[in-house]
Each structure stands twice: as structure tokens, then as C-alpha cells.
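S.K.: Each chain, letter by letter, is given below.
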Amino acid sequence: MCNFETKIRILDLKPVTITSDFGTRDFYAAVVTGRLLSLQPALNIVTVTHQIRQYDVFQASVVVRNTFGSFPEGSVHLVLVNGSSAIQNRQLALRYKNHYFVGPDNGLYGLVFDENPDEIIELNSVEIEHDTFPELDICTHAAVHLAEGKNISELGDKTTELVSSMPFKPTSDNNTIKGMVIYIDNYHNAITNITRRMFDKLNKSGKFTIRFGKYFTQKISPTYNYAPEAELVAVFGSTGLLEIALYQASARELLGIRVSDVVRIDFE
Amino acid sequence: MCNFETKIRILDLKPVTITSDFGTRDFYAAVVTGRLLSLQPALNIVTVTHQIRQYDVFQASVVVRNTFGSFPEGSVHLVLVNGSSAIQNRQLALRYKNHYFVGPDNGLYGLVFDENPDEIIELNSVEIEHDTFPELDICTHAAVHLAEGKNISELGDKTTELVSSMPFKPTSDNNTIKGMVIYIDNYHNAITNITRRMFDKLNKSGKFTIRFGKYFTQKISPTYNYAPEAELVAVFGSTGLLEIALYQASARELLGIRVSDVVRIDFE
Amino acid sequence: MCNFETKIRILDLKPVTITSDFGTRDFYAAVVTGRLLSLQPALNIVTVTHQIRQYDVFQASVVVRNTFGSFPEGSVHLVLVNGSSAIQNRQLALRYKNHYFVGPDNGLYGLVFDENPDEIIELNSVEIEHDTFPELDICTHAAVHLAEGKNISELGDKTTELVSSMPFKPTSDNNTIKGMVIYIDNYHNAITNITRRMFDKLNKSGKFTIRFGKYFTQKISPTYNYAPEAELVAVFGSTGLLEIALYQASARELLGIRVSDVVRIDFE
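Protein chains in written order, with the numbering used here: chain Y, 624 to 891; chain G, 624 to 891; chain X, 624 to 891.
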């Protein structure tokens, strides 16, 4: 019976997600996966994406921010993207809203979290075997530890230090919001950093103009397909953020949209 | 003991496959995966591909048609590709040959099924939280319901309506078949819509000429490698469909092959 | 109770990894996955990559060589890449360092293994249904057999024949090593075929010059980030191989690095 209990207990493992800039052609993603399975053969590993642009912590933050909450509470999110300035290679485990995050201290977390994390641990319980790839030894161990439901505080020393990042927040006064495009998705939708809450706060009259380059619209559509004749469609998407789509625009115009392009809303 | 039984029962879950046009860089695929695991942590989720061209229901149909039968009976196939005209966003669950299909009513199923499905249910048992992404709420719930072996009829109302699609079927008379390329694979093999059955029916003399652009051949090869000197190789592939490969052709010629290019067979 | 034991035993299945040149848009990878799950629904299937260049056995060998050891002992590695000359389509299962390898006899294994494998079996226990895709029938069956812990010798006849490949080994004399770039990763790091052991053997004085094109360095850095001002950084990476990175180089120069470019080390 005892043997049965042991084996059945592993069904309670939490999933481990991986977000990285490893790409999908190389062997790094598989090496990390293999190491995780060597530590815990029953682990459920979910690839979020390995196609973050190299060293692009900002892009990673948009992906992680919009992903983690859909996973079960207690899930572990490995985020293995090195900022180009992450010289000291400090590796962290963090707890935030009943999710765990493991990876280098690369400035990501200031962009992902709206509030301070509940706990930050600087990982130091494992020897590094590979100086060039410390995440392989340290972060896989921490991820399995947390997925098994063990205590985060056993992984190292508590800290409050975190490489800070300034999230690009929209600026606003009484009747204007100026935000920007933070992500362009596979369908050429431009996701901005303007939240529904910011918008609702200033939208007292129900009259407003959203401007993006030479385009504008005066309404929020319920879905992307709502106004196929219009050129600019503004939607609050599943991310809770204002998204901009250009219908009937030429491919050249669509491809001309860039992260950091300005979106402006004037309320009457 | 009762507790044991509960946990062991989940090993009987059927796999859920996902075919989508989400791409592999964004967070949509991971959000769907996370939602599925939140509903059923032990679910086995298999990515078929997230790289269907945006809104390309036809390409999705070729992939799904040639994939689903290799999975165990009872598997659930989430196909999350919106046709550009799918304005009304009707979400369906279908049963066909002991497999389940879940996704928007986008015209896919007329291209995937040779016969009418055994059951069509219009999904209405779940509230939509995200107007811009109704599949996230509705289809994940239905997929988990079916993977758990629960009854499809509990998911909504029976219907017989289905957005119709005309599968591009070859035309033939007594001694000619005119078909077309429906898919070009990673190896530059051109898969046509000509089935082995159509071919066998007209191939009484064993003498025929297969023409593709300026190329032709007068035999079917058993494998791609059989006739490396010939320029045009014709094979009945693992799909059961006539496939055309050009050996020794220049890259320019290979890349010039397009979906909808005509393939013609004249029998003597 | 007996029923319990049966179900619990499948938790002891070993993982099956897949490395292929199927690409990620087509249905071949999913068809193989579906077939594996049809044979063994509880199988844990890990995608290493499906993005090996078509027929590129050499690239596959670099990926497999650097991946397999990170997985648990007993893992099964399906390597489904056909060399363009693999006309006879001989399918093998091999045992090497307590790992199993299954796939066509395409010259890969001479590049992956440093010593002779412990066992080579020519697979012949399954009927081929698809002449154009024999791996689908034969290799999936063998992979599941091995993942279930069954004996490799039941899969066919022992053999010692193996398509031979000359691994490109560095040449060296008393004070020079001439190696070459064998892989360029997602970060533009150039991985060479020079091992740390070769290097240590000749590095008696601690004085050496590593040359790569017009660049050179006279030290080995502990990590990629160690010497950000230098143009050429030389590192022994997690692969155990000498890796070359160019910092501050233009994109044009980075993109000019090619597999088979020469790296030379002169010791004093």
C-alpha cells in the first residue's frame, strides 16, 4: 500500500510552464526539459513559447503577464530570458498571486507584476555546473521543488532586491490618455498598454476619439469582426487592454505598425 | 480506497489536440492550454500546429483531415481557426467516426468529413466572458467535458446546420482526372486531392500519363526515393492521396508550385 | 487490486523524445504523436525539435548529441530525419549509454556516439503499411516497446552494420588545433568541434591564441557576458565544446558565420 501512495501522490504535481528566447531549432529547450524530467519524471511541462526575441525582456513580460493567470494556482513559470545586461546572473524564485516564477533577475518582474510579489528568494541551494548556463542547474531544480509543493523558502535567502524596470505606463490628464503599442500579435492586432479601467475612469460622456497614426475611431467595438467596413477597430481584448486593428489596410500599412507607436484618446 | 479510485480514474482521460492559427510567438496558445489545465489538471494536450495561416480554414482542413485518425478513438480535436467571415461566432462540438471536434462553425467540417457527422451540438452551456475570444470560455469547457468521457448532448442543443464548404473535388470522365494541389509540405511535396480509389477506378490498362505543368510521368513510384533520376515522381503517400515531387528541380521551380495548381491524369 | 496495479504501472513509462525535419506546419509530427498515443495512451512525448533542415543528418546529430544525456536513463529518442541517400530505408533501434535511439539508418549515429553502441537491432517485427513513410509503422512501435521497458532484442535481428559517417574531428599537432564551426545557435554563438579535453591537453603554458577569421582572443572566458568589450569571446559552453561569440560585431558579420568555418588555436 505504501508503494501505491507514493506513486499516486505525484499526480498532485503542479504544471511547469517555460517561456524562453531559446528558439525552436536548437537543443537548449530540450536540454532544460530533459533535466526537469530527470529530476521529476511525472512533471507536466508546458511550452508557452521559446520564440521570445533574444534578450527581449519586455516582449517576454507581455507574454508572461497575459499567460500565467490562466494556469492553475500553484503553477510554476520558468522564464528563461537573459537581459543583455544581466551580467551578475542572479537567479530568483518569486511568489505572486499564488503562482511561482523562476528565472534570472532580468528586470522582467517589474513589468509583469502590478504589486510587489509576496516573496522573493535568491536561489543558492544548488551548485552551478555550467557557468555559461546557470539556469540549467539552478532554475530546473527550483521549478521541480515548487511543482512538488515544497516550500519556496528552502530554495535560498529571502530578499527584497529586484532589478527594477519602468513599465511604460500611459500618461493621462483629465481628458486625454496617451499610451503606446506594447505588442503586435500574429493577426496584426496592436495591443496597447491602456487598460479598461483607465479608459472607464475618463469616459464620462461616452464621447471620445481614439487616434492611431492617421487613423481614428469614435467607438469601442465588442469584437474584431464587428465593424468590418471601418478602417480602425478598437477593442478591449481578452488581455483587458485596448487593442487596435486596422481592417482593409494594406499589408504595407499593417507591417508598418511598431511596438512603441503612440495611441491617443481624447475625451469630450 | 475511495480516494485512490478517484485519482486513478483520470488516467482514462482522452487526449485533446489543438490545431490553430495562433502562431507560436504569442500567448493565445498558452492561455488556452492553461485554461484546459485549470479545468482538468491531468489532461494530455497535444499541439498539432499553431501555424495554420491566419483565417485559412482550407489549410486547417487538410491538416485536421490527415491527423485525427491517427489518435486514439474518443480523442477531442480543438480546431481554433476563424474564417474571416465567421461573424456570428457559432461554436460547435461534433462527433464523427468516434472522434470529437470542437471549434467555431467556420466551414472546416465540410472539408474534413466525407460523410455527415454523427452528431452536431451548438455549444451554449457556458457564459462567455471574453467577447473577442469566445473560444477561450466555450471551447475549452466542451473539450474537457468530452475528454472526460461525458456526453456530448449535455453541451448544448442538437443542430443539423453547418456552414457549408465545397470541397474541391477532382473532375473526371472516362479517361481523364483533373485534380489540383491542395497542400505543399515541408519537403516541397505537392499533395493533390486525387485519391487512390479514383485513380484505380480509371486505371484499367495500367497505362497513363500524369501531367503537372511542363512535367509528366507514366508511372506511380512506391516511395519518394524510388526514381531519383526522374524529374517528376508520383506517389500515393501516407495520406492516401496522390503526391507529386520534383527531383533535381531548381529551388525556383520548387518554390513556384502553388496550392490550386492543376494536376491532370490521362488514361489510355 | 489487480486492476489498480495495472494502471499504476504505466507511470513507469520512460519518455519518448522526437527530433525530426517534419517542420511545424505540416501534419507529420502530429500523425506520429497520434500513433504513439494510440499504441500507449499514457506515453510522455517530448518534442526536441521538428525544425532540423530537411535531410540534414549532420545538424540532427549535433542536436541529438547535446540533448539525449539530459533525459532520464532509459529514455527513447526517435530521430526521424532521412538522409537524402537513405534509399533502402533500413530502420534501427540502438542502445547507447542506457539510452535508446530509434530511426532510419541515415549515418546519424556515427556522429552522435563516441564509442560503438551497446546493441543495434534492425527492426523487422512490424508490417509496413505505408511505403512512403515506413517510420510511421515501424519506429513508433519500437519506441513504445522500449518506453514500456520491454527488451530491445524482441524488435528484430542483431546487427553490427551501420551507415558510417566521418565525424569532422579537429586536427592537431603539438602546438596547434584546427577545428571548425559545427552549429550556430539562436544567439549567433558558433559552437565548434573542439572539446575541452583536446584544449587542456595542449594548453601547457596557459598561453594561446584562438583565431576565427580576422578576430582573435588570448583567453577563455567563464561566461558569455564576461568580456563585453572584447570582440571575440571564447567559452567552453554547456555542451563541453569551445564556443565563439562575437560581441559588438555588426549583424552582417554575425550572419556571415557559417557551419564549417575554421577555428584555429596556437599554443606557445
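These are calculated hints, taken from the structure and not from any lab test. Some hints could be false.
Claimed, not checked - Here are some of the chain G residues that sit facing chain X, going by a computed Cβ distance under 7 Å:
id	residue
1	669
2	671
3	674
4	677
5	686
6	689
7	694
8	695
9	736
10	808
11	809
12	845
13	860
14	861
15	863
16	883
To be verified - Reference listing, derived: stretches of chain Y covered by chain G, where coverage requires no fewer than 3 residues with Cβ under 8 Å from a Cβ of chain G:
id	region
17	727-734
18	742-754
19	791-797
20	833-843
Claimed, not checked - Straight-line alpha carbon distances no greater than 25 Å define the calculated DMTMM-like cross-link-like pairs of lysine to aspartate or glutamate that follow:
id	chain 1	residue 1	chain 2	residue 2
21	G	842	X	754
22	Y	773	X	754
23	G	773	Y	745
24	Y	842	G	752
Note that CB positions come from ideal geometry on N, CA and C, so glycine has one too.
S.K.: State for each hint whether it applies.
M.R.: Evaluation of the provided hints:
Hint status for residue 669 of chain G relative to chain X: holds, with the closest Cβ pair at about 6 Å, below 7 Å. The beta carbon of residue 671 of chain G comes within 4 Å of a beta carbon in chain X, closer than 7 Å, and the hint placing it at the interface holds. Evaluation of the residue 674 of chain G hint against chain X yields a held restraint, the C-beta minimum of about 5 Å falling below 7 Å. Interface restraint check: residue 677 of chain G against chain X, minimum CB-CB distance 13 Å, threshold 7 Å, status violated.
Interface hint status for residue 686 of chain G: upheld, as the beta-carbon distance to the closest one in chain X is roughly 5 Å, under 7 Å. Proximity of residue 689 of chain G to chain X holds as hinted, the smallest CB-CB distance being about 5 Å (cut-off 7 Å). Nearest Cβ of chain X to the Cβ of residue 694 of chain G: about 4 Å, under the 7 Å cut. The hint holds. Here the hint on residue 695 of chain G is kept, as its CB sits about 5 Å from the closest CB of chain X, short of 7 Å.
Restraint check, residue 736 of chain G versus chain X: the minimum CB separation of about 16 Å is more than 7 Å; hint violated. Because the smallest distance between the Cβ of residue 808 of chain G and any Cβ of chain X comes to about 5 Å, under 7 Å, the interface hint for this residue holds. Because the smallest distance between the Cβ of residue 809 of chain G and any Cβ of chain X comes to about 3 Å, under 7 Å, the interface hint for this residue holds. Here the hint on residue 845 of chain G is kept, as its CB sits about 5 Å from the closest CB of chain X, short of 7 Å.
Proximity of residue 860 of chain G to chain X holds as hinted, the smallest CB-CB distance being about 5 Å (cut-off 7 Å). The beta carbon of residue 861 of chain G is positioned within 7 Å of a beta carbon in chain X (closest approach about 4 Å), and the interface hint is therefore held. Proximity of residue 863 of chain G to chain X is violated relative to the hint, the smallest CB-CB distance being about 9 Å (cut-off 7 Å). Of the supplied interface hints, the one on residue 883 of chain G is violated, with its beta-carbon coming no nearer than about 18 Å to a beta-carbon of chain X, more than 7 Å.
Counting residues of the region 727-734 of chain Y whose CB lies closer than 8 Å to any CB of chain G gives 0, so the stated coverage by that chain is violated, three being the minimum. Restraint check on the region 742-754 of chain Y versus chain G: 0 residues with Cβ-Cβ distances below 8 Å, three needed, restraint violated. Counting residues of the region 791-797 of chain Y whose C-beta lies closer than 8 Å to any C-beta of chain G gives 0; at least three are required, and the coverage claim is violated. Only when three residues or more bring their CB closer than 8 Å to a CB of chain G does the claim for the region 833-843 of chain Y stand; here the count is 0, and the claim is violated.
The straight-line distance between the Cα atoms of residue 842 of chain G and residue 754 of chain X is roughly 16 Å, inside the 25 Å bound, and the hint therefore holds. At roughly 51 Å between alpha-carbon atoms, residue 773 of chain Y and residue 754 of chain X are farther apart than 25 Å, so this suggested pair is violated. The straight-line distance between the Cα atoms of residue 773 of chain G and residue 745 of chain Y is roughly 46 Å, outside the 25 Å bound, and the hint therefore fails. Of the supplied pair hints, the one linking residue 842 of chain Y and residue 752 of chain G holds, its CA atoms being roughly 20 Å apart against a limit of 25 Å.
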